[in-house]
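Student: Sequence:
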Amino acid sequence: MKRNIPQKDTSLLLNSYTPYYVQIKSYLRNLIQELGPEQPIPSELELAAKFQVSRGTVKQAVMDLVYEGRLYRKQGKGTFTSGQIQRDYSMLPSFSKDIANAGHTAHSTLLKFEYTASTVPRAQEFFNQSPDTKVYKYKRLISDEDEPLSVAISYLNADIFPDLKADDIGSSLYESLYKKYQFVPEQAVDSYSIAEISSKTASLLKQPKNSIVIYSERMARLADGRPCEFVESYIRQDKFKIQIEYKQGISNTLQWNI
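Our numbering numbers the first residue of the sequence shown as 196 and each following residue consecutively.
Please note: incorrect hints may appear among the correct ones.
Using 27 Å as the maximum straight-line C-alpha spacing, the simulated DSSO-like pairs for lysine-lysine come out as follows [unchecked claim]:
#1 K434 - K272
#2 K434 - K220
#3 K329 - K436
#4 K307 - K434
#5 K307 - K272
#6 K269 - K329
#7 K269 - K360
#8 K332 - K292
#9 K254 - K434
#10 K332 - K375
#11 K374 - K307
#12 K220 - K395
#13 K272 - K436
#14 K245 - K292
#15 K307 - K269
#16 K404 - K307
#17 K307 - K329
#18 K404 - K436
#19 K307 - K401
#20 K434 - K269
#21 K434 - K401
#22 K254 - K272
#23 K404 - K434
#24 K292 - K220
#25 K436 - K401
#26 K254 - K307
#27 K334 - K401
#28 K395 - K434
#29 K360 - K375
#30 K334 - K245
#31 K254 - K436
#32 K272 - K245
#33 K220 - K272
#34 K436 - K269
Label-pair restraints from in silico Cβ distances [unchecked claim]:
#35 S325 - L305: 24 to 34 Å
#36 A244 - Y376: 52 to 62 Å
#37 D433 - D327: 38 to 48 Å
The set of hints was computed from the structure by calculation and includes no laboratory data. In this text, a Cβ means the ideal position worked out from N, Cα and C, and glycines have one as well.
Take these sequences, add in the hints, and give me the full structure.
Tutor: Here you go:
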């Protein structure tokens, strides 16, 4: 079945130094935003005819977006816009950055902020602190547009981030920390497993009771190695995708930048 393709901005810049497939990728990114998740895009043949290029040029653009997690393929049915948020490991990952990479808007809803003793033994061990040492506990609901994605609980080392207040934190925790302190975590160990969530967390994530989600822990450090943040995240598995690309002989260091 032939699909209608939006007519605006579909001509290629023939005299541009930008390769055709890159221009087509830009068009497809805009189309993905217009269509929304889980929608079919035009076939490679349709796009090739539209832009008057080879199918191979179109395929290069499409496959780049598949590898980025913005499109996915169904055998025998075509290519569709992705409804999942893909974790980006080109830098130290954050949910707000992952959501922005998908062309969406991230929202963070404050659930709790307090200066309290951590009740998580692994956080105490990571910070090398006694059970009664106080940390900042920052719990928030992170949403992709209006759809809940994750409940994240950050325990922040108060010795490293002194006098932190809830009003200091905007939609992105790391951007807010950089604005206040001029530094942020720059290295981390992330682990992922499967966990059953409480009824309260299920309600926040708009999931049935006793649902299974992705459970993640992060142990984050500053550039000088000091432990600064321990994070627990409960992530909807239908909304989140982890993809690791490995290339032999290339060592990648996770970083975060403003």
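Student: Taking the beta carbons of S325 and L305, is their distance inside 24 to 34 Å?
Tutor: holds, 28 Å
Student: Going straight from one Cα to the other, do K395 and K434 come out at no more than 27 Å?
Tutor: holds, 19 Å
Student: Below or equal to 27 Å on CA atoms is what counts here, so check K307 against K401.
Tutor: holds, 19 Å
Student: Hey, K434 versus K269, does the alpha-carbon distance stay inside 27 Å?
Tutor: With a Cα-Cα distance of about 18 Å, the restraint between K434 and K269 holds, given a limit of 27 Å.
Student: Is the hinted pair K332 and K292 satisfied, with a Cα-Cα distance of at most 27 Å?
Tutor: With Cα atoms ~21 Å apart, K332 and K292 stay inside 27 Å; holds.
Student: Verify the proposed pairing of K404 with K436, using a straight-line Cα cut of 27 Å.
Tutor: holds, 22 Å
Student: Is 38 to 48 Å a correct range for the gap between the Cβ atoms of D433 and D327?
Tutor: Taking Cβ atoms as reference, D433 and D327 lie about 40 Å apart, which means the hint holds.
Student: Run the distance test for K272 versus K245: straight-line Cα separation, threshold 27 Å.
Tutor: This hinted pair holds, its Cα atoms lying about 20 Å apart.
Student: What's the verdict on K307 and K272, does the C-alpha distance respect the 27 Å limit or exceed it?
Tutor: violated, 45 Å
Student: K332 and K375: Cα distance at most 27 Å?
Tutor: holds, 17 Å
Student: Regarding the pair K307 and K329, is the alpha-carbon distance no greater than 27 Å?
Tutor: Holds. K307 to K329 sits at ~15 Å (cutoff 27 Å).
Student: Has the given pair, K245 with K292, been kept, meaning a C-alpha gap of at most 27 Å?
Tutor: violated, 33 Å
Violation of the numbered hints given earlier is confined to hints 3, 5, 6, 7, 12, 14, 15, 26, 30; the remaining hints are satisfied by the structure.
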